[in-house]
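Asks: Start from the sequences and build out the full structure, keeping to the hints where you can.
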Amino acid sequence: MASLNIIVTVKQVPDTAEVRIDPKTNSLMREGIPSILNPEDANAVEAALRLRDEHGGTITAITMGPPQAEAVLEEVLCLGVDRAVLLSDRAFAGSDTLLTAFTLSRAILKLKKFDLILCGRQAIDGDTAQVGPQIAGFLDIPQVTYAEEIVFSEGAFRIQRGLESTRELVEARPPVLVSVNAAGPVPRYGSLYAVEGACSGENLKRWSTKELSLSPSMLGLGASPTAVKKIFEPNRSVKGEVLQGSEKEMAAQLIARLREMSCL
Amino acid sequence: MINLLTEKCIACSLCVKACLFDGIRLDGKIPVLTDHCTGCGACVEVCKVGAIVSEGSPAPPPDLGFYRDIWVIVEQQEQGVHPVSFELLGKARELAAVRNCDVAAVLVGSAVGDCTAALIHGGADVVYLADASFLYPYRTCPHERTISGLLEEHKPEIVLIGATCMGRDLAPRLANRFKTGLTADCTGLMIDEQDGCLLQTRPAFGGNIMATIVTAHHRPQMATVRPGVMQAVHSDDRTGKVVKVEAKPDSVDDLVRVLQTVAKPGSGVQLEKAPVIVSGGRGLQGPDNFKMLYELAELLDGQVGASRAVVDMGWIEHAHQVGQTGKTVKPRLYIACGISGAIQHLAGMQQADVIVAINRDPYAPILKIAHVSLIGDAHKIVPELIAQLKAKQ
Amino acid sequence: MDFSFTRAQELARDIARSFAQTELAPYAQEWDEQARFPAEAIAKLGPLGFMGMCIPKEYGGSNLDGVSYVLVIEELASVCASTAIIVSVHNSVGAYPIYLLGTEEQKKIYLPDLAMGKKLGAFALTEPNVGSDPASIETSAQADGDHFILNGTKTFITSAGTSDTVIVMASTDRNKRARGISAFIVEKGFPGITVGTHESKLGIRASDTCELIFDNCRVPRENLLGPEGSGLRAALNALGFGRVGVAAQAIGVARCAMDAAVAYSRERNQFGKPISSFQAIQWMIADMATEIEAARFLTLRAAKLKDDGQPFAAQGSMAKLFASETAMRAATKAVQIHGGYGCMKDYVVERCFRDAKVIEIYEGTSEIQRMIIAGNILKK
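Residue numbers (my numbering), protein chains in the order written: chain P, 1 to 264; chain A, 1001 to 1393; chain F, 2001 to 2380.
Treat the hints as calculated values from the structure; they're not laboratory data. Here the structure is a predicted model, which means the values were calculated and not measured. What you were told as hints is all true, and nothing was included just to trick you.
Cut-off 27 angstroms, straight-line C-alpha distance, at most; resulting in silico cross-link-like pairs (DSS-like, lysine-lysine):
(1) P:K239 - A:K1330
(2) A:K1029 - P:K110
(3) P:K248 - A:K1368
(4) A:K1368 - P:K239
(5) A:K1048 - P:K113
(6) A:K1273 - A:K1368
(7) P:K248 - A:K1291
(8) A:K1017 - P:K205
(9) P:K229 - A:K1155
(10) P:K205 - A:K1048
(11) F:K2273 - P:K239
(12) P:K210 - A:K1048
(13) A:K1392 - A:K1380
(14) A:K1330 - A:K1273
(15) A:K1048 - A:K1008
(16) F:K2118 - F:K2107
(17) A:K1029 - P:K113
(18) P:K110 - A:K1048
(19) A:K1017 - P:K112
(20) F:K2057 - P:K205
(21) F:K2108 - F:K2057
(22) A:K1048 - A:K1017
(23) A:K1380 - A:K1368
(24) F:K2379 - F:K2176
(25) F:K2118 - F:K2044
(26) F:K2345 - A:K1380
(27) A:K1380 - F:K2273
(28) A:K1017 - P:K110
(29) P:K248 - A:K1392
Stretch by stretch, here's where chain F covers chain P in the computed footprint (C-beta under 8 angstroms, at least three residues):
(30) 70 to 77
(31) 186 to 192
(32) 195 to 209
Where a beta carbon is used, it is the ideal one built from N, C-alpha and C, also for glycine.
Replies: Okay, here's the thing in structure tokens:
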């Protein structure tokens, strides 16, 4: 029976479903937003768990972030991941996707053997979907993106990809990087059995530039090829109309409006 | 300038691991600098035995003047070329006018020779054509290798790719090859008057923040753009040339094989194509209340959508989810019932032509972007709409 | 004094919240209306460690501390009070007493299945004639060779019908009164045990509450739990811990009612404004929030005392007393805030109101709790 060494990259992100627009200032209210495990990373973790449950092996989760990012590692340890690594260092701050992928790829090299790297397609704060493929680039391994289902048989991964209007069945030999969609396997619940172990720290490592043998000056904001020149909020307000009256009246008015706007 | 004191080297390879650019490698036990060394000095800092030194002045910034022209990577579809490629050529022509340079299209695929004319009419001065059976269906490695070779040889200043499944698979890999900057899902591209760099504007945080990104010191400047954002141009008068490129397969290509491609079932949810979407959220209070949305959608010839919250709660399948981790839709009419309008969701639908919001909460964020708002109970209003629409039929 | 939770406690709470949102919330109303035992949800809880929270890993439990336990029960209850009590009873008085008092043999036989949720546990003390005065129980256990013969009726037993094992209190010596009561681990398969009427209740309707009738029920001697005559003390200790879980359940119900009322008050307009802008409503919300906060800390304190190995009987009673009465007050206010809609089954506060009333009564009435608290103070 094959035994798979799987690495999953995960990210702690603000829960954009909870971010609201301040009605007075019309700008984003970003304080006090709960942090969550990036939703598509949860799908990636589930894909890893199913493969390990079927074939045996080890799953290591890695995340790059500030110290509080440890929370998502504990969360995935409760889901059943075997080991976790936090990459945290001030020098990483301001990294764009290229530098993030570089740092993660160096951590992966330090972990030595792997058959499969799984990641979520994209993070809900950055929305770039770049880090996964760029990790594959640094490691010089093939990649398969938009995966919805992965199985392993006869020494190769069989991956169902969900594209715009087609579904593709792809075979990939390890080692390979696969990014998983939200239509991927439905994540399981954490287990209370795993809580004690997840928080004990025995399966969690913390690495900084020192353990990765990287020079701080060549990382982060300074080294990133892309830089943010400006941030602004889009012109959001629409001159909308609020209908009045009973439900019946409002319904009638709406139908009339939609007819006027040629929507019906 | 990096200098190697090879007699001190203990071949620990820390320098190799520290290098972002593959600028140093170990030939057996001897360290060797490669062409990619940028003189950044990362290796100097990690070497524990002092075998690497930085001498003289720091490496001068690369001469970006070498890089010219605006390139578009074209995407082959089952039937011809993806429309986004023409949209990008249209934009490329606009940028080329400012930069006073040419536009090239790169078409890598199989049996695509007869698409080159359309690409030239669409704005390309040159079409680089790599046509071979192993290049379709798309796989990352052969495409990346072929295109990288061209980019290395011709050094374009700007490379544009459609933000489709293929483009988002390929672009980061290309950007990685050149250790250059890539900006995803740009909604705006223009040239900075002062330094001639490409100003790339894109949404972040689900579209509720816009960021303008610049790749100041690296080339090519790469950007992906979603279909439907830019404008294609067409002129039958335009002429250009086709340059045939030889693409050679490599054994690594076959580590990935496409076994089968099937069209997604038609009866499935095709939200992206629906002219009308009636969507439901937590305010509907239960999965049963989606029945009336299906009824209303059917009367309006539309489809049913949903917010992430109700999909997570299992009220409706993920295929109906509209939003950041669901689908992005641009229907003629979007009716949001019991959806508060978290930016997660707005990201997926704020581009609809007409947005109607039905919600009990007069402060629900969605009302800010709705063209028509009905403040009330969807459980009462939707049945009224259904009844009145039926009566008129 | 550190009021923050450990990461482990937060994780346990988050896991429970996530499960409750997806597996309980969509069905809670239906289960209540049909008085249907949530079998599918209970079955899923076992493998996730929810049914062995107070049992160490060596016996198949998830070994959570008391604070985590209380947080988990609150999360379940905030969505479905019935599921919460089924889990709470199973954990605190169905399985835990076997861990505390059982022989190694008994622990090995019964705990793993209970802790992993393969079997459901219950606890039977109350009888038709015996509620607040447990020393007077009439169910008898007659020694007969290597068995005891149990005769009598137990009433209002949570999970009576659905459980696999029940810890039953019976009198082995009527003359010794309180000191003549013993505890037994009774398997539903033993001859002579029948499940009686399934009560149709005001609230907590998805939990099955029935009579258990013992008619010459033969229980092996090895199933005597703890020494003969120690049963009442064992029962009261077990109930002491169970009480803390019920307090947590009450807080969950109160929180559900308050959250619903707050949301409603923002949406409901009268006299041209949302009713949340009226002082009368604001004061009701303030009172609810204050009492819930106080109840939560009382409960956490009782749980923490237990974790620290300290006596917690009085605090547990205070928690149950205050939390259950808070839930009833909060639910009443919440229904009031909803106006007419608060009386409609479509609105969750209607169920909170009915559930809260039952919580105020069972697992030791408020009157009993007051007795315990006063007794604790006055004895010093």
